[in-house]
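S.K.: The primary structure of each chain is shown beneath.
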Amino acid sequence: MALPMIRVQNVSKSYRRGGEMLTVLDRLSLEMDEGRFYALMGPSGSGKTTLLNLIGGLDTPDSGDLFVSGENLSDLAGADLSHWRAANVGFVFQGFNLIPVLSAFENVELPLKLTRLSGAERRQHAEHALTLVGLADRMHHRPKQLSGGQEQRVAIARAIASDPKVILADEPTGDLDRKSAEQVLELLGRLNREFKKTILMVTHDPHAAEHAQSIVHLDKGQLGRIEDNRRAPAMDAR
Amino acid sequence: MLPFKLIWRNLTRRPLRSLLTIGSLAVAILLICMLRSLITTMRAGVEHANPRRLAVMSASGLFVELPLSFQAKIDQVPGVEMTTKFQWFGGYYRSQKNFFAQFGVDPETMFAMYPECKITPTEIEAFRADRRACIIGRTLAKEFGWKVGDTVPIIGALHPHPEDKAWEFQVVGIYHSDVPNFDNRTLFFQWDYFEETLKQGGIPPDVSIYSIRVKPDANVDQVIADVEDTFADSDRRIDCTTEAEFQRQFLTMFGNIPLFLSWIGGGVLIAILVACTNTMLMAMREQTAEIGVLKSLGFTDGAMFELFIAQSTFLCMLGGGLGMLIAWSTQGGIARTIEFMFPGYAIKPETFALAAAVSLAIGPLAGIIPAWRARSLRCVEALRATD
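Residue numbers (the working numbering), protein chains in the order written: chain A, 1 to 238; chain B, 1001 to 1387.
Bound conformation, chain A alone (with noise of 0.2 Å):
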């Protein structure tokens, strides 16, 4: 039997604010399958941004075990935590969090910048991946010059540019308005049907998650019920 994707094991996290420990997270168990699309819903305070964040290795746990690609993220610190995020897992946020002083090719190709790849290698890199993202035109334009849809497209770009097996979107429709949005679920619909991509993505609204194959309800810091999209796109492909 194939091992999941990703796997939370006992996982809690907890905040001070104001003077006050919060638990955000409380003792969650979970587990991700391999090329699956994940929509994580829940109310305000769920724990959903906080538990993307662990997946990403960019915050840990107070205790439990997060196992994402194989690699147990409490073995890893530091630089070689950086090393497996920039290997393993693209980020999509709902502010875009584009360079704004770099044009969109070189947002893309910022990632390849920590693979052995030549220049003329990151360069057909995130030519491809702006192709993909139908952004061909655009590569030169400054995030500036791109609507918000365009500039998610970019990120999304940015995201798979370096080929990761995850990626983890965080409410990547929030800012977005309806036509946008429908093109960047569609987007990341196609990663995950066409190129296998595990893809966990923050959501509060239903519709964005009907794009998902798999619905997970966080509740308070703790797994709610998981539902199987059958009207998923993905599920109609199969």
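Simulated from the structure, these hints should not be mistaken for lab results.
Since this is a predicted model, take the numbers as computed values, not measurements.
Glycine included, C-beta positions come from ideal geometry on N, C-alpha and C.
Treat each hint with caution, since some may be false.
[As the list claims (entries may be wrong)] Ranges between beta-carbon positions, derived for each pair:
id, chain 1, residue 1, chain 2, residue 2, range
1, A, 131, B, 1271, 51 to 61 Å
2, A, 23, B, 1027, 54 to 64 Å
3, A, 120, B, 1346, 46 to 56 Å
4, B, 1302, A, 224, 37 to 47 Å
5, A, 227, B, 1302, 42 to 52 Å
6, B, 1043, A, 120, 55 to 65 Å
7, B, 1017, A, 145, 18 to 28 Å
[To be verified] With a straight-line cut-off of 30 Å between C-alpha atoms, the simulated DSSO-like cross-links for lysine-lysine are:
id, chain 1, residue 1, chain 2, residue 2
8, A, 113, B, 1005
9, B, 1005, A, 165
10, B, 1005, A, 144
11, B, 1118, B, 1142
12, B, 1165, B, 1142
13, A, 165, A, 220
Fit chain B to the given chain A structure using the hints.
M.R.: Chain B alone, transformed into the frame defined by chain A:
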């Protein structure tokens, strides 16, 4: 590796702030070049001093004169090869803003005593022959457009002409010097003319400084001691020093100028270090979310440290380079302006090397606090800065 483009564009994202910082750095480095050059120029006079030349002045200071009769007594001291005298005239040409040094000198001994004063034998002969003759330095000639044959009227502020008019000197030669302890912006006139004219008004002339050349086989320290002993019982006590010591005393006449200038330079450095640190801290605050993004992409904490050190270093190199360029291009004008007080002002390669080293050092120093903060910032905290 972080792309150079990112470093450069981060610097240019706030062009006005970057320009102002670069401008401040340029001014600071310019000041450091100038102050350092003033110090080296002052010390050059000491370094180039002739070890066989001595200066005799009043023990009370340069502003107290010595009797003319002292020259004959000095000449009698064993080991003294030659003596010449200088009288500070303290006049000005037309208005007080046209100030330069004028000295009454004895042409028979002055040129033998100071071979660094380059002038043709014909001009020396003309200087000896005409009581109203004067010779002027090359810079002075250029500054006022004077040439041989011109008559230069000098108003005697310290020594007014007995007929209540300007002293008139005729230019018979233009000298130049290639060493920093003999400037090119002085007028030397005939002692005899000075003496005769003052006597017409019933005032016997005195001497500001006697200059002595010691015989090659004589012990300089012994000659100094003997000269001082000669006037030990006189009511006009004298101070006899080597030329180097005289130069040193001249520099410290108004206090320890090199130390004072060094303190100013140090203060300028500290001020600019604080200003650059502040600029880099502002830049770091603006780039906080981007630090989070870069870390999420896999750039290490160390890479973030390098990013801010590189930005700061590049900023300081630009400012420092500009400052050095201004210092280099203005040194000629500054040298002409201050030649009377500091002859031979020039920015030495060592000074440029020091300025470059300072620029290079300020960069990492100014960047270290923001770089450390960027390095220590947790990724999730940095990303929250977008909220």
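S.K.: Each hint should be assessed against the structure and marked as holding or not.
M.R.: Hint check results:
1. A:131 with B:1271: 51 to 61 Å: With a Cβ separation near 52 Å, residue 131 of chain A and residue 1271 of chain B satisfy 51 to 61 Å, so the hint holds.
2. A:23 with B:1027: 54 to 64 Å: holds, 56 Å
3. A:120 with B:1346: 46 to 56 Å: holds, 51 Å
4. B:1302 with A:224: 37 to 47 Å: holds, 40 Å
5. A:227 with B:1302: 42 to 52 Å: holds, 43 Å
6. B:1043 with A:120: 55 to 65 Å: holds, 57 Å
7. B:1017 with A:145: 18 to 28 Å: holds, 23 Å
8. A:113 with B:1005: holds, 12 Å
9. B:1005 with A:165: holds, 29 Å
10. B:1005 with A:144: With Cα atoms ~18 Å apart, residue 1005 of chain B and residue 144 of chain A stay inside 30 Å; holds.
11. B:1118 with B:1142: holds, 16 Å
12. B:1165 with B:1142: Holds, at about 26 Å.
13. A:165 with A:220: Holds: residue 165 of chain A and residue 220 of chain A sit about 29 Å apart, inside 30 Å.
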